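A.B. asks: Since chain A is already given, all that's left is putting chain B on it; use the hints.
Chains A and B, in that order, are what the protein sequence lines are. Following the numbering used here, the numbering of the first sequence begins with 1 at its first residue and continues without gaps. Following the numbering used here, the numbering of the second sequence begins with 1 at its first residue and continues without gaps.
Bear in mind the hints are in silico, worked out from the structure with no lab data behind them. A few of these clues could be false.
[Claimed, not checked] Label pairs and their computed distance ranges (CB to CB):
(1) A/P71 <-> B/R61: 30 to 40 Å
(2) A/L97 <-> B/V188: 37 to 47 Å
(3) A/P163 <-> B/Y292: 34 to 44 Å
(4) B/D68 <-> A/G244: 23 to 33 Å
[What the hints assert, rightly or not] In the SDA-like style, the derived pairs of lysine to any residue whose C-alpha atoms are separated by at most 25 Å in a straight line are:
(5) B/K160 <-> B/S127
(6) A/K276 <-> B/G244
(7) B/K160 <-> A/L266
[Unchecked claim] Covered by chain A, per the in silico footprint, the following chain B stretches (three or more residues, Cβ under 8 Å):
(8) 4 to 17
(9) 220 to 234
(10) 297 to 306
Bear in mind that the values here come from a model prediction, so they are computed numbers and not experimental data. The beta-carbon is built from N, C-alpha and C at its ideal position, and this holds for glycine as well.
2 protein chains.
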Amino acid sequence: MPSIDPTSVQRVTILGAGTIGSGWAAHFLACGKEVTVTDPAPDSARRVAEFIKAAWPALVRLGTAKVDTPPEYRFVEDPADAVRDAQFVQESAPENLEIKRVLYDRVESALPAETIFSTSTSGILISDLQEGRIHPGRFVVGHPFNPPYLVPLVEVVGGKHTPSDLVDWTVDFYRANQKYPIKLNKEVPGHLANRLQMALWREAVHAAIEGIASMEDIDAAVTEALGIRWAVVGPHLTVHLAGGPGGMHHQLEHLGPGIQSWFDDLGAPNLTEKVKQHLVTGMNKAIEGRNYDAIVEQRDRELVDLLRERSQVKGQRE
Amino acid sequence: MPSIDPTSVQRVTILGAGTIGSGWAAHFLACGKEVTVTDPAPDSARRVAEFIKAAWPALVRLGTAKVDTPPEYRFVEDPADAVRDAQFVQESAPENLEIKRVLYDRVESALPAETIFSTSTSGILISDLQEGRIHPGRFVVGHPFNPPYLVPLVEVVGGKHTPSDLVDWTVDFYRANQKYPIKLNKEVPGHLANRLQMALWREAVHAAIEGIASMEDIDAAVTEALGIRWAVVGPHLTVHLAGGPGGMHHQLEHLGPGIQSWFDDLGAPNLTEKVKQHLVTGMNKAIEGRNYDAIVEQRDRELVDLLRERSQVKGQRE
Chain A
1 MPSIDPTSVQ RVTILGAGTI GSGWAAHFLA CGKEVTVTDP APDSARRVAE FIKAAWPALV
61 RLGTAKVDTP PEYRFVEDPA DAVRDAQFVQ ESAPENLEIK RVLYDRVESA LPAETIFSTS
121 TSGILISDLQ EGRIHPGRFV VGHPFNPPYL VPLVEVVGGK HTPSDLVDWT VDFYRANQKY
181 PIKLNKEVPG HLANRLQMAL WREAVHAAIE GIASMEDIDA AVTEALGIRW AVVGPHLTVH
241 LAGGPGGMHH QLEHLGPGIQ SWFDDLGAPN LTEKVKQHLV TGMNKAIEGR NYDAIVEQRD
301 RELVDLLRER SQVKGQRE
Chain B
1 MPSIDPTSVQ RVTILGAGTI GSGWAAHFLA CGKEVTVTDP APDSARRVAE FIKAAWPALV
61 RLGTAKVDTP PEYRFVEDPA DAVRDAQFVQ ESAPENLEIK RVLYDRVESA LPAETIFSTS
121 TSGILISDLQ EGRIHPGRFV VGHPFNPPYL VPLVEVVGGK HTPSDLVDWT VDFYRANQKY
181 PIKLNKEVPG HLANRLQMAL WREAVHAAIE GIASMEDIDA AVTEALGIRW AVVGPHLTVH
241 LAGGPGGMHH QLEHLGPGIQ SWFDDLGAPN LTEKVKQHLV TGMNKAIEGR NYDAIVEQRD
301 RELVDLLRER SQVKGQRE
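This is chain A alone, in the form it adopts within the complex (with noise of 0.2 Å):
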């Protein structure tokens, strides 16, 4: 358990600096942290520094970064050097079991006692990774969303060797870098909001091929009523508002046999060659041709407008 207080850390390590590891160094930079950052690719310092000069002008809008260009970073290609005065330490190594261990394997004996290690692992589980070290509780999983310097959520998540209290530090030192970290009270895989999006997937698939609309339309009927509502208030206070005054109680009294018919009656579509294939052509037809790149670039405007707008309502009425 850090001797130190979660919203006074002041010197993070980012181990691994591919599209997450690079997004999360321009947060914390943003956050007016001291960054280290450290990969093993040829000609990663350069691509570092222009993922974050590329990401700091959406910070600046959102009102994370309070400066107009980024800081100074260091960056180190040991990465034993890298997390040696680490207080915090976030891991964005390559998905893969034995990637991470070799990885762990370097840096452990550098790692400051008391230094809280995160992984944004998004489907190892941390016990796993917890196997074999010297001091198993201080790993935890600290899993963003892409792009993890716009998306605000973290899941937190200890192993079977992690204390509670340190998952609590854990989510209180996201908390005060402007992350809006969750706790996680066991490990399952795909943690838990990307198991969200696979049951809307799911039967996202299921209507495509079904042929109940476009890929297109179906698409648009999360963009233009679900998401957007959701973007406000989740799932389960959604069904909350539904019933009225006497809320979740009410709904589930009148309407549980029909939502159970509803539930049971869901997709549970295979993944064959054909609808694999129905798929792609489907996408392909939605898209009509657009560029990728141009597709992503207006998704991220579009996500810092909102978010932003949302932020500032949020902090207007506070």
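C.D. replies: Relative to chain A, chain B alone:
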């Protein structure tokens, strides 16, 4: 098939003016239509007027309404009178096949021969409503999301007696009236968006009863990551973009088996008494005594703010 162009419709009749019907009335008034409203409840004329007055500021903020106070409209007692010179009818009677059939019996002979009759039903098949009608082909579903004057989506679907070009006409009519219509190619229980909504909520229920996180944190996983992103890009496009420049094809080829195992690992909860109790208790804890009306009011304000920001952003870029 109406001879009138869908963009030239002026006279719209609202049959049934509960929450949904009153919302439609406010929306069509804001669009500058001549609106006639009818509802059999004793106090409905007053309630509709109050509803429209309460909804108006949001319609002004959204830019749908161009005037500061609601224009005049007609409220009539007799539904046959209400539809007599209608160029479009939006029916939002209670969700009950018999109640709707009795209403259709009363109005059908008064309805001009060419007028499209659209029902807001969320759960009744349009083919069942077409049974026994004089001109069954004119009946379509135009299913809105609550509140219909805020959420853009309308799901349009015809029954076995509806000609396809009549569905297209209805889609064009809603589009000309500041809604985002999508065309469904077949009738299925729950149409499309509510099925997608149920798919997400089912996994959210599974996460709650498995104790993965608190219900408040499960909701936050949506509002702080998935929802705000789904307000910008739908579920299919999200997967396509996650695949990098290789898009959907790349994702399915490289992650297909993994995705399938994720699909198969999703929960399929049963709403037993114990599960229902768990959800009610968890929900009460999540809202911590917050007042129902206050939550609804906050949701609608934030929804208007986000919709307004999004439409301004899109408007600037088009």
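A.B. asks: At least three residues with a C-beta closer than 8 Å to a C-beta of chain A: is that true for the segment 297 to 306 of chain B?
C.D. replies: holds (count 7)
A.B. asks: Measure nothing beyond the straight line between the CA atoms of B/K160 and A/L266; if it is 25 Å or shorter, mark the hint as holding.
C.D. replies: Cα-Cα ~23 Å, so holds.
A.B. asks: For the segment 4 to 17 of chain B, do at least 3 residues have a Cβ located nearer than 8 Å to some Cβ of chain A?
C.D. replies: violated (count 0)
A.B. asks: Quick check: does the Cβ-Cβ distance between B/D68 and A/G244 fall within 23 to 33 Å?
C.D. replies: Since B/D68 and A/G244 have Cβ atoms about 31 Å apart, the given range 23 to 33 Å holds.
A.B. asks: Note whether the CB distance of A/L97 and B/V188 lies within 37 to 47 Å or breaks it.
C.D. replies: holds (42 Å)
A.B. asks: For the segment 220 to 234 of chain B, count the residues whose Cβ lies under 8 Å from any Cβ of chain A; is that count three or more?
C.D. replies: holds (count 15)
A.B. asks: Taking 30 to 40 Å as the hint, is the beta-carbon distance of A/P71 and B/R61 inside that range?
C.D. replies: holds (39 Å)
A.B. asks: Has the given pair, B/K160 with B/S127, been kept, meaning a C-alpha gap of at most 25 Å?
C.D. replies: Status holds; Cα separation ~6 Å.
A.B. asks: Holds or violated: are the alpha carbons of A/K276 and B/G244 at most 25 Å from each other?
C.D. replies: holds (17 Å)
A.B. asks: Please test the hint of 34 to 44 Å on the beta carbon pair from A/P163 and B/Y292.
C.D. replies: Roughly 39 Å apart at Cβ, these two residues keep to the hinted range, so it holds.
Against the hints set out earlier in the document, a violation occurs for number 8 only.
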